Amino acid sequence: MSVLLRAELLKLRTTRTFVALVGASLALSLLVVGLTSAISDEFTEQRVRELFTADFTGLFITLLGVMGMAGEWRHRTITSTVLAAPDRTRLLAAKVIAYAVAGMVLSLVVTVSIMVLGTVILSARDLPTLGGGDLADVLWRNLVVAALFGALGVGVGGLVRNQVVAIVGVLIVGFALEPALLAVVPDVARYLPLIALPTSIQDVDVTFPEAGLLDPLPALGLMLVWVAALFAAGAAALRRRDVV
Amino acid sequence: MAPVEIRGLSKRFRGVTAVRDLTFDVRPGRVTGFLGPNGAGKSTTLRALLGLVRPTSGSATFDGRPYDALEHPSAEVGALLEDTAFHPGRTGRDHLRVLALAGRHPDRRVDEVLELVGLEGADRRRVKGYSMGMRQRLAIAAALLGDPKVLVLDEPTNGLDPPGIAWLRGLLRAQAGEGRTVLVSSHLLAEVAQSVDDVVVIAGGELRGHGPLADVLGGGDGPGAVARAKDPARLAEALQRRGHRVHRDGDELHVHGAGAETVGEVAAEERLVLHALAPRSRSLEAAFFALTEADG
Numbered sequence: 000m001s002v003l004l005r006a007e008l009l010k011l012r013t014t015r016t017f018v019a020l021v022g023a024s025l026a027l028s029l030l031v032v033g034l035t036s037a038i039s040d041e042f043t044e045q046r047v048r049e050l051f052t053a054d055f056t057g058l059f060i061t062l063l064g065v066m067g068m069a070g071e072w073r074h075r076t077i078t079s080t081v082l083a084a085p086d087r088t089r090l091l092a093a094k095v096i097a098y099a100v101a102g103m104v105l106s107l108v109v110t111v112s113i114m115v116l117g118t119v120i121l122s123a124r125d126l127p128t129l130g131g132g133d134l135a136d137v138l139w140r141n142l143v144v145a146a147l148f149g150a151l152g153v154g155v156g157g158l159v160r161n162q163v164v165a166i167v168g169v170l171i172v173g174f175a176l177e178p179a180l181l182a183v184v185p186d187v188a189r190y191l192p193l194i195a196l197p198t199s200i201q202d203v204d205v206t207f208p209e210a211g212l213l214d215p216l217p218a219l220g221l222m223l224v225w226v227a228a229l230f231a232a233g234a235a236a237l238r239r240r241d242v243v
Numbered sequence: 000m001a002p003v004e005i006r007g008l009s010k011r012f013r014g015v016t017a018v019r020d021l022t023f024d025v026r027p028g029r030v031t032g033f034l035g036p037n038g039a040g041k042s043t044t045l046r047a048l049l050g051l052v053r054p055t056s057g058s059a060t061f062d063g064r065p066y067d068a069l070e071h072p073s074a075e076v077g078a079l080l081e082d083t084a085f086h087p088g089r090t091g092r093d094h095l096r097v098l099a100l101a102g103r104h105p106d107r108r109v110d111e112v113l114e115l116v117g118l119e120g121a122d123r124r125r126v127k128g129y130s131m132g133m134r135q136r137l138a139i140a141a142a143l144l145g146d147p148k149v150l151v152l153d154e155p156t157n158g159l160d161p162p163g164i165a166w167l168r169g170l171l172r173a174q175a176g177e178g179r180t181v182l183v184s185s186h187l188l189a190e191v192a193q194s195v196d197d198v199v200v201i202a203g204g205e206l207r208g209h210g211p212l213a214d215v216l217g218g219g220d221g222p223g224a225v226a227r228a229k230d231p232a233r234l235a236e237a238l239q240r241r242g243h244r245v246h247r248d249g250d251e252l253h254v255h256g257a258g259a260e261t262v263g264e265v266a267a268e269e270r271l272v273l274h275a276l277a278p279r280s281r282s283l284e285a286a287f288f289a290l291t292e293a294d295g
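So the sequences go chain by chain: A and B.
In this text, residue positions in the first sequence follow numbering that gives the first Met the number 0: the first is 0, and each later residue adds one.
In this text, residue positions in the second sequence follow numbering that gives the first Met the number 0: the first is 0, and each later residue adds one.
If we strip away everything but chain B, and leave its shape as in the complex, we get (with noise of 0.2 Å):
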């Protein structure tokens, strides 16, 4: 049973369906990257696995158990919505005082997540003084406060300024270091690319890809190529008796598994002549396009 099950969940609005038949696991020890353009239904997943929206079927649970039927849910998940607002007129330690309260939370806590998050020097300033980066900061600390083993984060570099991200990227890393389940929403590809295991990638409310970042959004087959050729059959051939995975498009061979040199050299044993041989360069944000832009 994995800490996060998504199975066949469905939510529509008034007539409008948010989210189709999704379906993916989050593993733990991992940081999981949840993508897809605004308006995906990535906050409508999160606040349904999260119990905050009454799916219209299928189920969302952590280790086989709504969030509302968890024995101690802000212990074992520790949550960050897009929208997440405070009280203008109460402070930063206040906040967290109540939620501490609430969730059952020693008061220590609060001074701990207060460190942790760097808000110890502002804690007892009214949140209506405080700027976007650290209100950001404010609702991860609440997050943190149980010391939870599930994160789930929706859009959390939200008002964080560069170093702000940076932070966060460690945090979220050591957090998936200790063993723990982490899973990031984001609409900007390259602010969690370099910090996600694993990705899943939705669009149009419904999953697009699923599993490690490499193997979703390219690189996983190792470098690619795209080939002209007097006689593209044979080369096909070649490459694919040699391991190497080809499509062909047209007039273009298209490798993957072998970069530009390899297919070279195999028309050159293979005494093949090619009309056109480059390297095929496709971006993970361009694959992150190529996903979420298919029709579904």
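Here chain A stands alone, though its shape is the one from the complex (with noise of 0.2 Å):
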């Protein structure tokens, strides 16, 4: 396994695929964080936590997973991906693992920069800002989340072999489905993974507070839950699949 973990690092590191959504990633939060910082003036530590969840890593680390899988299909590498890792379960785990790897490498990376840049912009304007304690706090919640969205993603390429189907899939899902069944009906929405569990281990029930969510271990559990399904039913698809 660990070989495996090592080639499927080694190929996130070879192609700019990687950099390049660590890059979007930190100029888009950096831009919501700065604004934000520097124009609203109704600060409390509950919403400077809010804005330091603020960011697009969810969005953007769910992407590298599922393209990290179903990219093996549309760059037709997944020949010899599987001629070198004839296992697929184990295939399938090792990317698990490595987007879990990337997904906080790109957290820790956004999240660092959007709090040094939200504190001193806060600060300058005699603001609340947080202590060293809650930023931990709230780095160490952005990091387990961006390690879960990691691998739901890569679990959903391994369903979805169809790459842009996929892609499109987790869209539409997180940006219209979740928030519309969120307001219709948030008794059976809060279980979903894409935004209501996140933000219920992140801690930071903002956009959705009568929703209800979970608290945070529950959602942690149910979080992992969804990616342990998700894997089964991609490592079930991905060994019954010919791949032709």
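These aren't lab readings, by the way, just hints derived from the structure by calculation.
Values in this document were obtained by computation on a predicted structure and should not be read as measured data.
The hints are all genuine.
Short derived list, chain B residues pointing at chain A, Cβ under 10 Å: (1) R53; (2) L69; (3) V76; (4) T83; (5) H86; (6) H94; (7) A138.
Computed footprint of chain B on chain A, listed as stretches where at least three residues anywhere in the stretch have a Cβ under 8 Å from a Cβ of chain B: (8) 1-14; (9) 72-79.
The following label-pair restraints were derived from C-beta to C-beta distances: (10) H71/B with A231/A: 26 to 36 Å; (11) V15/B with R239/A: 16 to 26 Å; (12) A231/A with P211/B: 49 to 59 Å; (13) A231/A with R103/B: 19 to 29 Å; (14) R64/B with L30/A: 49 to 59 Å.
Built from N, CA and C at the ideal position, the CB exists for glycine as well.
Reconstruct the complex from the two isolated chains, following the hints.
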């Protein structure tokens, strides 16, 4: 497993996709956090916590994971990948771990950057900021969510072999379906993995306070169940599929 | 137990039979050409052998074990498949480094195979800038990475220019010369005829011939002739008495194992009148077409 994991991490490092996604995610997150902390006056400690989770890493990391697996079919590199690692379940497991690690790296870069920028601007404006302990608390939650998003993306990519369909599917669920369900049937939607559960883990119930999201620990457990279920389904599909 | 064994292999894709009840062995120390027209089932067979496609029935094994049960697959079997592709944004060297890492091969093998395929000067360029021939050489380098005992190459001449094809022939001969098993598919007999020892011919997903090249595609029974005689039955009997194979097609006798000169001499010795006599010329290509176009 360790050589497969290292091979997957080497794959990530040897194309520009990962660096480009880190760059895009960082630029967008810095823009939003910079503008919000420069313009808004209504800051409490909870509001600052929310600010430091209001990045775009989740989307980018999920898409990175999707591309990490579905991209093998798109670029037709799946043949050489499976020849090198014929045990497809182990292959998918290595990818899940690799993209969880990649998600954490991306989130670390973005979270630390926006924390520095936000704290500098808020301090300059004499507005509340977070202490070291609170910043660390936000950071680890962001890292955990990022790792889960990376793993989730790989599971989706394992299940849906067409990269475009997988990406569009994730975007539809994340931007339209889950928000709509949270507004209409929160009793169901609070168990969903792209918005509700990550928000619960990060403990920033800002967008859907009326939905009554879960506490962080049960949310983390449920998110792990989602990842495990998608991994199992993705691995079953990958094992069954002919590589032609 | 042969290095490569195909036993009763069949594969159906959504109701379409790609390969039907295929059985053959591939011997070590020889280059075996896996021949057949496009759509014959060659790639499907090789993919089943390499564990990429699940057979509907039958088996395809290396030393009795399926590919995915091999202890160190890429060190035992090197494979190149027809649609082998690369991430366009990754360099040739990095592509090999990833495969070397996943296959547990030392890093120095990357340099060795790059040199072997003549890509050492282009290895740090992204693959999207490679020509077809360079991509094919990179794919061959990947197949050789584990210094495998068995090579399975699907249409390896695709994209190679004539010097590249000549280089590949030399490489395959050298690999077989070291006692390795080489199975190489092609839909173009001419490209492999000079370098193969054995052939497996398939068409319509079914085996049409298997054995040494000369035996399967003619030439194995020596020279041949076509004769017309006043008394064909006596001429046939005289030739058969001397150990030559003869079959009659209307007025014509098709003689195997004896050229026109021999047939003429036999006719003279037997005082038989000949109306026509010509050498039988059956090119490999013609024999290949005859085999692959025959009804299953």
